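Peer 1: Take the sequences, apply the hints, and build the full model.
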Amino acid sequence: IDHVAPFVFATIVLAWLTLMPMYFLLNVHASRKSSKLHTIPKHSRVAMVVTKAPSEPFAVVQRTLEAMLAQDYPHDTWLADEDPTEATVRWCDAHGVLISTRRGREDYHRKTWPRRTRCKEGNLAFFYDHYGYERYDFVAQMDADHVPTPSYLREILYPFADPAVGYVSAPSICDNNANESWAARGRLFVEGMLHGPLQSGYTSNGAPLCIGSHYAVRTIALRQAGGLGPELAEDHSTSMLINAAGWRGVHAIDAIANGDGPQTFADLIIQEFQWSRSLTTILLEYTPAYLSKLSPRLRRQFVFCQLWYPMFALFAMATYAMPIYALLSGNNFANVAYPEFLFYYMPSAAIPIAMVIFLKRLGLSRPFSAKAISWEGTLFHLFARWPWVMAGTLASVRDYLTKSFVDFRVTPKGSGPKHLLPARVIVPYALLAVGASLPVLLVEHPSRALGFYWLAAFNATIYGLLVVVIVGKHLTENRISLRQNEGKFALQGSLAAIAVLIPLAGFYDRGLQGIYGLQQGAGLHIVKVTYPVSGAGRGELGSQRFVFDLGWGE
1 IDHVAPFVFA TIVLAWLTLM PMYFLLNVHA SRKSSKLHTI PKHSRVAMVV TKAPSEPFAV
61 VQRTLEAMLA QDYPHDTWLA DEDPTEATVR WCDAHGVLIS TRRGREDYHR KTWPRRTRCK
121 EGNLAFFYDH YGYERYDFVA QMDADHVPTP SYLREILYPF ADPAVGYVSA PSICDNNANE
181 SWAARGRLFV EGMLHGPLQS GYTSNGAPLC IGSHYAVRTI ALRQAGGLGP ELAEDHSTSM
241 LINAAGWRGV HAIDAIANGD GPQTFADLII QEFQWSRSLT TILLEYTPAY LSKLSPRLRR
301 QFVFCQLWYP MFALFAMATY AMPIYALLSG NNFANVAYPE FLFYYMPSAA IPIAMVIFLK
361 RLGLSRPFSA KAISWEGTLF HLFARWPWVM AGTLASVRDY LTKSFVDFRV TPKGSGPKHL
421 LPARVIVPYA LLAVGASLPV LLVEHPSRAL GFYWLAAFNA TIYGLLVVVI VGKHLTENRI
481 SLRQNEGKFA LQGSLAAIAV LIPLAGFYDR GLQGIYGLQQ GAGLHIVKVT YPVSGAGRGE
541 LGSQRFVFDL GWGE
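Residue 1 is where the sequence shown starts when you use our numbering, and the numbers rise one by one after that.
None of these hints come from the bench; they were simulated from the model.
Worth double-checking, as some hints may not be accurate.
Claimed, not checked - Cβ-Cβ distance ranges computed for the label pairs, FRET-style:
hint : residue 1 : residue 2 : range
1    : T378      : Q224      : 42 to 52 angstroms
2    : F304      : V89       : 39 to 49 angstroms
3    : E444      : A497      : 18 to 28 angstroms
4    : R297      : S151      : 27 to 37 angstroms
5    : F304      : F358      : 45 to 55 angstroms
6    : L431      : F358      : 34 to 44 angstroms
7    : V8        : L431      : 26 to 36 angstroms
8    : L307      : F7        : 16 to 26 angstroms
Predicted, not measured: the structure shown is a model, and the values here were computed from it.
Glycine included, each C-beta is placed from N, C-alpha and C at the ideal position.
Peer 2: Put into structure tokens, the structure is as follows:
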């Protein structure tokens, strides 16, 4: 029984790592691109609306408005401004931009959905209730920073030629500041396939998901669905509500708008925390009421998408904990040599990477420039992301059980940061680095789990290097003066040093033992055991010495 539980645990983790690429491949295989032979009826009433929160500078939204006015398809341009200034009103009047504002309307500043305060849903609900539903047949809505290309509106309207289509999603490309922020590149590269072939696959094999930065709706479909969905992830919930109302969605892969990614690593993890919290809240509070209105396929898709964040965090935490558990218990997870495991597992890991490279060469990645393999994407997706996803998921469960009110934070746009990152952003990774190192340094006799010395030390080193990257890149990208932040920098520098030196001490102390354990059963002889006591023949483990010996001198 002692061996069954670790075996089952490892099997579940391996199944997750195998099934996720299969899920991607199956959906990509079903990818479809909307026809451009037909478009909406000639006299359709069309609008574009961009939202603006008080914290977003008008200079940011002005670029978006100018691009909306330059579209090659006739439409009305709207600004949904929470609190428009006189200068904003004058600019809009001079350029023919209409303004919608819920300022002073308590009925559109509710604490809960619908028409929630401090939330894009409440802002747009006012626009649709007072203008959108009555005046327009189709509306494309934009975030303040997402600047559409001249053909954007034409491209996103093509799928509405099918009268069954209630909404159209489009690629969310946050690359305006990619050259300035490694955090922005991390998300951009990881999500290149999502916004391209994966969403296109949902067009014929499920329901593409609206991404909040921009999408378009048929107003009658949105009205029948009850309006925009709840939560910060109103894009996801709106997709579910419109499908539950009997409409379908299409992904317009060529409707391009470019926006800003997270300026700093802190912005990146706040996004992860809020999105995971919001999707889990949708799953717990709202999804059960709509499941019966969805087809079995759509039920599976929406529940899976809402469970993805919790499952991702759970399995990422499991892969972190596995070497630690092995060292503490002295047990392997399977009776197989490590090189043999790699031989069988690597093809299942390499095939999706090869497929991503192939799809990118076909021009299906969004953006086209998204890298298939990058250090930014690797650090973000495999190591930096999961702790905050886990925190967001747990926060959602707590909120659900305690019925507490959750406020949202708008990702900063326009102005760059001037201060060091708060310590709470860095400390979790330093703790993860130290946590993976301690069993390496403290466990003397791990029995059959010698190889996990190396794996745990490797894990710890990556988290230590992540701390260095977070601190170092934030300093260089934002040109922060150390003279004005000496105390904080001393703390962060100390955390980075601890996070790197302790794992390196683990490698120094146990690295050869780890390699010796990994080579067992594989016919490899990289490290051998020697016994300091001459003629002892066999000694206790404490008297063993592990040394490199490739056998070249024999």
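Peer 1: Quick check on a hinted range of 27 to 37 angstroms for R297 and S151, using CB atoms only.
Peer 2: holds, 32 angstroms
Peer 1: Between F304 and V89, does the C-beta distance stay in 39 to 49 angstroms?
Peer 2: holds, 45 angstroms
Peer 1: For the range 18 to 28 angstroms, tell me whether the beta carbons of E444 and A497 fit it or not.
Peer 2: This hint holds: roughly 26 angstroms between Cβ atoms.
Peer 1: For the pair L431 and F358, does the Cβ-Cβ distance stay inside 34 to 44 angstroms?
Peer 2: Given a distance of about 39 angstroms, which is inside 34 to 44 angstroms, the answer is holds.
Peer 1: Holds or violated: the 42 to 52 angstroms window for the beta-carbon distance between T378 and Q224?
Peer 2: 44 angstroms Cβ-Cβ, so the 42 to 52 angstroms window holds.
Peer 1: For the hint 16 to 26 angstroms, verify it against the beta carbon of L307 and that of F7.
Peer 2: Holds, since L307 and F7 (Cβ atoms, about 24 angstroms apart) stay within the stated range.
Peer 1: Does 26 to 36 angstroms hold as the CB distance between V8 and L431, or does it fail?
Peer 2: For L431 against V8, whose Cβ atoms are near 28 angstroms apart, the range 26 to 36 angstroms holds.
Peer 1: Check the following: the C-beta atoms of F304 and F358 are separated by a distance inside 45 to 55 angstroms.
Peer 2: violated, 25 angstroms
In this structure, the one hint that does not hold is number 5.
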